[in-house]
Amino acid sequence: MYVSNAWYAAGFSDEIGDGLLPRLICGEPVVLYRRGDGTPVALEDLCCHRMLPLSRGRREGDAVVCGYHGMTFDASGACIRVPGEGRIAPSYHVRSRPAAERHGFVWVWMGAAELADAAAIPDMRWADDPAWAGHQGSMVVGCDYRMVIDNLLDLTHETLVHESTIGNAAVAETPATVEQHGSSVVVSRWIVDHEPAPLWRERIGPGGNCDRWQVISFVYPSNVVIDVGVAPTGTGAPAGDRSRGVNHMLMNVITPETADSTRYYWRSVRNYDIDDPAKTAAARAAAARIFGEDKAVLEAQHAAMSRFPGRPMINLPLDGPSVRVRRIIDGGIAGQTI
Amino acid sequence: MYVSNAWYAAGFSDEIGDGLLPRLICGEPVVLYRRGDGTPVALEDLCCHRMLPLSRGRREGDAVVCGYHGMTFDASGACIRVPGEGRIAPSYHVRSRPAAERHGFVWVWMGAAELADAAAIPDMRWADDPAWAGHQGSMVVGCDYRMVIDNLLDLTHETLVHESTIGNAAVAETPATVEQHGSSVVVSRWIVDHEPAPLWRERIGPGGNCDRWQVISFVYPSNVVIDVGVAPTGTGAPAGDRSRGVNHMLMNVITPETADSTRYYWRSVRNYDIDDPAKTAAARAAAARIFGEDKAVLEAQHAAMSRFPGRPMINLPLDGPSVRVRRIIDGGIAGQTI
Amino acid sequence: MYVSNAWYAAGFSDEIGDGLLPRLICGEPVVLYRRGDGTPVALEDLCCHRMLPLSRGRREGDAVVCGYHGMTFDASGACIRVPGEGRIAPSYHVRSRPAAERHGFVWVWMGAAELADAAAIPDMRWADDPAWAGHQGSMVVGCDYRMVIDNLLDLTHETLVHESTIGNAAVAETPATVEQHGSSVVVSRWIVDHEPAPLWRERIGPGGNCDRWQVISFVYPSNVVIDVGVAPTGTGAPAGDRSRGVNHMLMNVITPETADSTRYYWRSVRNYDIDDPAKTAAARAAAARIFGEDKAVLEAQHAAMSRFPGRPMINLPLDGPSVRVRRIIDGGIAGQTI
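Protein sequences, first through last, are from chains L, X and Z.
Start counting the first sequence at 1; every next residue gets the next number (my numbering).
Start counting the second sequence at 1; every next residue gets the next number (my numbering).
Start counting the third sequence at 1; every next residue gets the next number (my numbering).
Keep in mind that a hint or two might mislead.
Said to hold, decoys possible - Distance windows between CB atoms, simulated:
no.: 1; chain 1: X; residue 1: 59; chain 2: Z; residue 2: 312; range: 34 to 42 angstroms
no.: 2; chain 1: L; residue 1: 259; chain 2: Z; residue 2: 273; range: 56 to 64 angstroms
no.: 3; chain 1: Z; residue 1: 137; chain 2: X; residue 2: 192; range: 54 to 62 angstroms
no.: 4; chain 1: Z; residue 1: 312; chain 2: L; residue 2: 337; range: 41 to 49 angstroms
no.: 5; chain 1: L; residue 1: 87; chain 2: Z; residue 2: 137; range: 35 to 43 angstroms
no.: 6; chain 1: Z; residue 1: 260; chain 2: L; residue 2: 306; range: 54 to 62 angstroms
no.: 7; chain 1: L; residue 1: 337; chain 2: X; residue 2: 88; range: 39 to 47 angstroms
no.: 8; chain 1: Z; residue 1: 260; chain 2: L; residue 2: 60; range: 28 to 36 angstroms
no.: 9; chain 1: L; residue 1: 308; chain 2: X; residue 2: 115; range: 18 to 26 angstroms
No lab work stands behind these hints: they were computed from the structure.
Ideal Cβ placement from N, Cα and C applies to all residues, glycine included.
Pulled out of the complex, with its shape left as it was, chain L reads as follows (with noise of 0.2 angstroms):
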């Protein structure tokens, strides 16, 4: 269920440091380090002895120590030392992956190492823009991972899942166009001359009517970034002015961890009063509130379709996004380059 010949985030890149940092990805166990020049470190999460997680214990040097009888591996996953051992057999070695550090993530290639394309990260190129400001966060919630691709393509979802914060009747209302470029998809709508949602209204201040983008971009293998914003009537549309308004990115980054669970990361940053602490604190305590209210949905949507396997479904045609997608996951699961 997972495409493996793909990068993942393991991480916040201020997350990794010093210390060892235990992660699922995909199911796999992965444990994260950075060698003593900053650079990186993914690991099998687990002694090839007998299996306990290396993440439970130490660091020596650019090494790792297994906490039970103290194997040693270096950051090639090599064995260089069994206490009380002499000799060191080439199959005493745990799986190494290819890590790279970009824009702000550690991220970690899951399929053969041979194939890990350090141009195939996703690109994330506004978390290090100091143009844009904002802040982040992660959360893991007990779903599959396409569940939380699915919510962010289909923002209809806003009017009632959020409707004391961004949605309002006129997102659900308004439809959308889709284009697709190989792995790309881009789902864009706008909304036109309307009041805008409450905390859209908040953002851009008292005044009149307004436009309203949703500018959604599938990134592979499972990734979303969105490009939102409201301003004046008349700047806002696709040829507009936007300067006059107000912009957030919203980086989704997201990262299987089981059948049952997945690590949402996400990085929101907006291109307007970079410098103000106070709208930062107020997009941050906005975003826990909506993300938590997404996490609520569907860790009840995945309850039910655990306890009720089987059930048809239908699709409407505003999931025409989340089809192709899916459809472009299931290629790269299939082992097809994309």
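Let chain L serve as the given structure and place chains X and Z on it in line with the hints.
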């Protein structure tokens, strides 16, 4: 393991109102509410689109709006609106089940709708007979529903399980008789000329020995009505004048949830001192204690049976009524008309 | 996965008394109690009627009364009474198992009763030898019982797991020797002329280097006795005069509960300052800390093995004793006479 062509209690009348009440009945998720005219509605508690339970949504007149994307279903289960979509396909619907209200309960028919017959609703007529008054309550018991029925059919368990209230040695030592007519099984026990068990002594007041009766009726598909009381010795026998005694009718309404859980409703009424709130409060407290004792035993028994499956169990002669009832239920499961 | 023709500890002698003690041994529910004459009884902890654990019932002389309907079983497991029933059929009985008391434990034979041989009770004679005194305790560890044995056979884990108490680098770096005679496997390690690990330094008091010994004996089917101590350098060696050192005997009595849990009893005694309660208290506190560290590692290891089944594990030369013991246990499981 469930009889589907039958009526099951989904709740007490006063539990079902303006809101959306989720229940699990015979393994199926059902959401209950009332139309504006007060009649009860029972719909599948899963949106046909993405399986979010409809009970997480909200009412709109007699319809239900799914809390995810706003699909709206009327009381027949037909979809009447999809926000942002023009066409409503006939496949957009959720299952509706026959529902009826009688004797203080809302009942749902779990089988083929065309077979639903209001005449088959279990008879709990003492619940709304003004000559009787009492209290009601419910609990979830972690066991197979048939074990709750077994427990009520064989009241010899009172001797040990309820020795501080309604049990004494006389219960277990007095033989019972059994009669069966179709799906009705009636177990009768007459305990003549004994010192009553502690709670009954309290109810009838000080005095000499008493006669005690327990007339237990299985009510298809899964309910048990028990006529119990004590009267001064010589007046409580089958042909006796019970008017000098105290009499309770205990309606045990048992709804299977899953293989491992059962919703157990009780309504316990008496035909004496019916306006005395202190007597009602005492009876309610006694019921909470007694049914809590039953729950502890049933859950320990179910846990042992689940942990050590396949071990043989012996039937004793006193299990005769239970064996008959299991045969009736098995017939209903196999589709026999009862 | 269990040797059935063997004796397992069901509890310390002082845990088994007037009451009914439920235990799970090799996957089987057993209830323990003592007859009026003090001899221990072990019955199947499931009533043969409706499977309520007998341990939820009560004693009546040397018999047990089931807490549901009052079926009563004598110490041989035969039913002697069913309230309200005249006839007791021979099929009304629960399994009784051979039980014996020795060296401060009550032991139960889990196989065919006719093969039970008191001579095969594991030898824990230091537990009631007046020359030795100490403390005892038990805990449930969430892992396969063989992992607890492995852990005790290979004390090189002390270096990392117990580095603040009994571990130091010398343990892991000193080779051990192995001897096997039948089902007895003895691992010996002599750490000569070293600064003792922190807890041993505290026990022997200030001074120069010491010799330390660890003589680990596997006691069929699942126990490990460890003779440990330190003595001034030159006196602790195999042929040395240990009287100037400090010596502890650690009896590890290991009873499988299920595939995922093990009851671990320890009795730890010393042959010096045996009347000093402060030394006993210090030893008890150290044991609680050390065994808690083992439990954390074993449960993390078991969780990883359960979550990621089927992954290969390598054996190191230091696993030799464990490999021998596993072979002995496998022989017992396969029915070989040990």
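How the hints compare with the structure:
Judged by the Cβ atoms, the range 34 to 42 angstroms given for residue 59/X and residue 312/Z is violated: they are separated by roughly 58 angstroms. Evaluation of the 56 to 64 angstroms hint for residue 259/L and residue 273/Z yields a pass: the beta carbon distance comes to about 58 angstroms. For the pair residue 137/Z and residue 192/X, the supplied restraint of 54 to 62 angstroms holds, since their beta-carbon distance comes to about 57 angstroms. Against the hinted window of 41 to 49 angstroms, the Cβ-Cβ separation of residue 312/Z and residue 337/L comes to about 30 angstroms, which falls outside the hint.
Judged by the Cβ atoms, the range 35 to 43 angstroms given for residue 87/L and residue 137/Z holds: they are separated by roughly 39 angstroms. Checked against the given bound of 54 to 62 angstroms, the beta carbons of residue 260/Z and residue 306/L, roughly 23 angstroms apart, lie outside it. Restraint check, residue 337/L to residue 88/X: a C-beta distance of roughly 41 angstroms satisfies the suggested window 39 to 47 angstroms. Remark: the range hint 28 to 36 angstroms for residue 260/Z to residue 60/L is upheld by a beta-carbon distance near 33 angstroms.
Distance hint check for residue 308/L and residue 115/X: the Cβ-Cβ separation is about 23 angstroms, which falls inside the suggested range of 18 to 26 angstroms.
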